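Colleague: We have chain A already, so just place chain B on it with the hints.
Protein chains: 2
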Amino acid sequence: MTIFIVGLGLMGSSYAERLSQKGHTVYGFDSDLKVLEKAINDKLINNDSRIEKLKLSDLIILAVYPSKIVDFIINYQKLFKKGSLITDISGTKENMLNKVEDILREDVSYLSHHPMAGRAKRGYESKDSSMFKGNNFLIVKNKNTLRYNIEILKRIADDLGFKKTHILTSDEHDKNIAYTSQLTHIIATALMCGNEKILNETTGDSFRDLTRIANINEDLWTELFLSNKKNLIDSIEQFEKKIKLYKDLLITKDSNQLKKELIKARKLRVKFENNK
Amino acid sequence: MTIFIVGLGLMGSSYAERLSQKGHTVYGFDSDLKVLEKAINDKLINNDSRIEKLKLSDLIILAVYPSKIVDFIINYQKLFKKGSLITDISGTKENMLNKVEDILREDVSYLSHHPMAGRAKRGYESKDSSMFKGNNFLIVKNKNTLRYNIEILKRIADDLGFKKTHILTSDEHDKNIAYTSQLTHIIATALMCGNEKILNETTGDSFRDLTRIANINEDLWTELFLSNKKNLIDSIEQFEKKIKLYKDLLITKDSNQLKKELIKARKLRVKFENNK
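Protein sequences, first through last, are from chains A and B.
One point on numbering: in the numbering used here, the residue at position 175 of the first sequence is 175, and numbering is uninterrupted.
One point on numbering: in the numbering used here, the residue at position 98 of the second sequence is 98, and numbering is uninterrupted.
It is worth saying that the hints were derived from the structure and are not from the lab.
Accuracy of the hints is not assured; some may be wrong.
[Unchecked claim] Taking lysine-lysine and the DSS-like style, the derived pairs with C-alpha atoms no more than 25 angstroms apart in a straight line are: (1) B/Lys244 <-> A/Lys197; (2) B/Lys121 <-> B/Lys78; (3) A/Lys244 <-> B/Lys247; (4) B/Lys244 <-> A/Lys229; (5) B/Lys241 <-> A/Lys253; (6) B/Lys197 <-> A/Lys141; (7) A/Lys229 <-> B/Lys229; (8) A/Lys247 <-> B/Lys141; (9) A/Lys197 <-> B/Lys259; (10) B/Lys197 <-> A/Lys271; (11) B/Lys197 <-> A/Lys264; (12) B/Lys241 <-> A/Lys230; (13) B/Lys241 <-> A/Lys241; (14) B/Lys141 <-> A/Lys197; (15) B/Lys247 <-> A/Lys241; (16) B/Lys197 <-> A/Lys143; (17) A/Lys253 <-> B/Lys68; (18) A/Lys197 <-> B/Lys267; (19) A/Lys244 <-> B/Lys241; (20) B/Lys230 <-> A/Lys197; (21) A/Lys253 <-> B/Lys229; (22) B/Lys260 <-> A/Lys197; (23) A/Lys121 <-> B/Lys271; (24) B/Lys230 <-> A/Lys247.
[Said to hold, decoys possible] Counterexamples of contact, computed for chain B against chain A with all Cβ distances above 10 angstroms: (25) Thr2; (26) Leu33; (27) Asn41; (28) Asn47; (29) Ile74; (30) Phe80; (31) Asn95; (32) Val100; (33) Glu106; (34) Lys143; (35) Leu146; (36) Ile152.
All figures in this text were calculated on a predicted structure; none of them were measured in a lab.
Ideal placement from N, C-alpha and C gives every residue a C-beta, glycine not left out.
Only chain A is shown next, with the shape it has when bound in the complex (with noise of 0.2 angstroms):
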């Protein structure tokens, strides 16, 4: 397939390795020139890189920040290739969704998708195509959604190595994602500055792991909250509700509620683990 990645930060590099590595034609574009110099230099893109190759691809892959995606679209659709598929790598998809709906060419499709990968690190010098593997890879159907369209993006997946295909709507999607990844990222980086007195010295694997992920690109992820306000409050505000559940339960020395409490935890864990 000709494969065109607009941005190739951290994943569309990624997705440029690991495409190209496949056999696929891969075009790509940064607005950072030396960033696409290097591309071409190491080989993950097509050494005649132009923006004007859109007009030759049959896929194209919008990896750049979310708000930049309707832009891109606008000034650019007129280079898409008829019957060309669009699709973008954004972490939340409702209100972009909507945008692309009222912009795009008619004689193109959008079928928007979320890797479920990423390292704590951004930028090209980061890419790392393993990061895919035996990762879930959502695709984002509407109503309109050609069947044809999906089998494209799962041939991807598997190309990347996903391990696993879901297809959700995109109000199933950020609701979700609320939930699993942003309020995540919100809990790692309120635990790692809640206090400030704490010691290096008296943490070990548990706040390592759980902070793993405040090391994180403030740019994309103010954008992505945002973009989710109200799905992401909903979720803070359930997990809230958790956390003075156990304090509660903490100030009244209920322990028998709190075993409860945690042998729930513990299971959906284990069910979670060997659901994998």
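Modeller: This is chain B only, laid out in the frame that chain A set:
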């Protein structure tokens, strides 16, 4: 050194394995006689392990639940060798150490420690003496602590494979641990069962990392939480304040301040990583 390990669960058996490999004479005891027999067959402990061997032991390591420590001392200290050193691996210190001080024979010493390592599993069968590698070993001193005894525990920490040894008071220990270890377990279990509607399919590395320790030993942790109640509630409240700050910034759409908070977290995390 002749060492007696009381309790051959996850931690005690891992200690026994490693300390035997390092050439110490290791006796062991477990209230589950099948476990005791296994540990002898696996050559983790001396095959003449009987409780009377306390009489020969220079170092006694109490690797039992915190609530059992005082009882064990009351019942068995008549067998402790004169001049021997007694230690424990308990995750909270102050309350327990106050009780120990009241009852301990005057011709033996007590110096508590906390191995900052673990596994989200329990019991003899989960033993893994590689878990100590690269981790922190905390020694909890008081005003009467002899330098000689600190050196003994430092040697044990080295033999077990710990990277760094730190010395602190029981008050410092319990305040710090409340945040870095107990709060993290509260967070992980709350996150795991805070939203029953989430789909497994929408989870990625971050949710997996943050809930690893939700596979919790509920008996042990209920005890640890309640024995350090005041400090843990303080830590929960510090964390709650930070979470509320994030929520307020989302509600007011204050992207500048939100970004500043994330930058702070990122810098602290990078510093933490470099400090390891």
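Colleague: For each hint, tell me whether it holds in the structure or not.
Modeller: Hint check:
1. The hinted pair formed by B/Lys244 and A/Lys197 meets the criterion: a straight-line CA distance of about 20 angstroms does not exceed 25 angstroms.
2. For a cut-off of 25 angstroms, the pair hint linking B/Lys121 to B/Lys78 is broken: about 34 angstroms separates their Cα positions.
3. Our distance criterion of 25 angstroms between C-alpha atoms is met by A/Lys244 and B/Lys247, whose separation comes to about 16 angstroms.
4. At most 25 angstroms may separate the alpha-carbon atoms for a hinted pair to count; B/Lys244 and A/Lys229 meet this at roughly 14 angstroms.
5. For the suggested pair B/Lys241 and A/Lys253, the alpha carbons sit about 23 angstroms apart, so the restraint of at most 25 angstroms is met.
6. Restraint check: the Cα-Cα separation between B/Lys197 and A/Lys141 comes to about 20 angstroms, which is no more than 25 angstroms; the hinted pair holds.
7. Restraint check: the Cα-Cα separation between A/Lys229 and B/Lys229 comes to about 34 angstroms, which exceeds 25 angstroms; the hinted pair is violated.
8. Taking the CA atoms of A/Lys247 and B/Lys141, the gap is about 30 angstroms. The hint is violated against a cut of 25 angstroms.
9. Of the supplied pair hints, the one linking A/Lys197 and B/Lys259 holds, its CA atoms being roughly 22 angstroms apart against a limit of 25 angstroms.
10. Only pairs whose Cα atoms come within 25 angstroms are accepted, and B/Lys197 paired with A/Lys271 is accepted, the gap being roughly 14 angstroms.
11. In summary, the hint linking B/Lys197 to A/Lys264 is supported, as the alpha carbons are separated by about 15 angstroms, within the 25 angstroms threshold.
12. Straight-line distance between C-alpha atoms of B/Lys241 and A/Lys230 comes to about 20 angstroms, which keeps the hinted pair within the 25 angstroms bound.
13. With a CA separation close to 14 angstroms, the supplied pair B/Lys241 and A/Lys241 stays within the 25 angstroms bound.
14. Under the criterion of a C-alpha separation no larger than 25 angstroms, the hint pairing B/Lys141 with A/Lys197 is consistent with the structure, at around 20 angstroms.
15. For the given pair, B/Lys247 sits about 14 angstroms from A/Lys241 by alpha-carbon distance, which is consistent with the 25 angstroms threshold.
16. For the given pair, B/Lys197 sits about 23 angstroms from A/Lys143 by alpha-carbon distance, which is consistent with the 25 angstroms threshold.
17. The suggested pairing of A/Lys253 with B/Lys68 holds, with an alpha-carbon distance near 19 angstroms, which does not exceed 25 angstroms.
18. Between the alpha carbons of A/Lys197 and B/Lys267 the distance comes to roughly 16 angstroms, so the proposed pair stays at or under 25 angstroms and holds.
19. For the given pair, A/Lys244 sits about 12 angstroms from B/Lys241 by alpha-carbon distance, which is consistent with the 25 angstroms threshold.
20. For the hint pairing B/Lys230 with A/Lys197, the CA-to-CA distance comes to about 17 angstroms; that is within 25 angstroms, so the pair holds.
21. The suggested pairing of A/Lys253 with B/Lys229 holds, with an alpha-carbon distance near 9 angstroms, which does not exceed 25 angstroms.
22. The suggested pairing of B/Lys260 with A/Lys197 holds, with an alpha-carbon distance near 20 angstroms, which does not exceed 25 angstroms.
23. For a cut-off of 25 angstroms, the pair hint linking A/Lys121 to B/Lys271 stands: about 15 angstroms separates their Cα positions.
24. Pair hint B/Lys230 plus A/Lys247 holds up; C-alpha atoms about 10 angstroms apart against a cutoff of 25 angstroms.
25. With a least CB separation of 29 angstroms from chain A, B/Thr2 remains clear of the 10 angstroms interface cut-off, as annotated.
26. With 10 angstroms as the threshold on Cβ separation, the claim that B/Leu33 sits away from chain A holds: the shortest Cβ distance comes to roughly 27 angstroms.
27. Chain A leaves B/Asn41 outside its interface by the beta-carbon criterion, the shortest separation being 29 angstroms against a cut-off of 10 angstroms.
28. Even its closest Cβ contact with chain A, about 33 angstroms, leaves B/Asn47 beyond 10 angstroms, as expected for a residue assigned away from the interface.
29. Annotated as non-interface, B/Ile74 keeps its C-beta farther than 10 angstroms from every C-beta of chain A; the closest such distance is 23 angstroms.
30. For B/Phe80, the requirement that its beta carbon stay farther than 10 angstroms from each beta carbon of chain A is met, with the minimum near 29 angstroms.
31. Residue placement check: B/Asn95 keeps its beta carbon more than 10 angstroms from all beta carbons of chain A (closest about 13 angstroms).
32. No beta-carbon of chain A comes within 10 angstroms of the beta-carbon of B/Val100; the shortest separation is about 21 angstroms.
33. Non-interface call for B/Glu106 relative to chain A: holds, since the shortest CB-CB distance, roughly 31 angstroms, exceeds 10 angstroms.
34. No beta-carbon of chain A comes within 10 angstroms of the beta-carbon of B/Lys143; the shortest separation is about 20 angstroms.
35. Interface exclusion of B/Leu146 from chain A stands, the closest Cβ pair being 22 angstroms apart, more than 10 angstroms.
36. A cut-off of 10 angstroms between C-beta atoms confirms that B/Ile152 is not in contact with chain A; the least separation is 20 angstroms.
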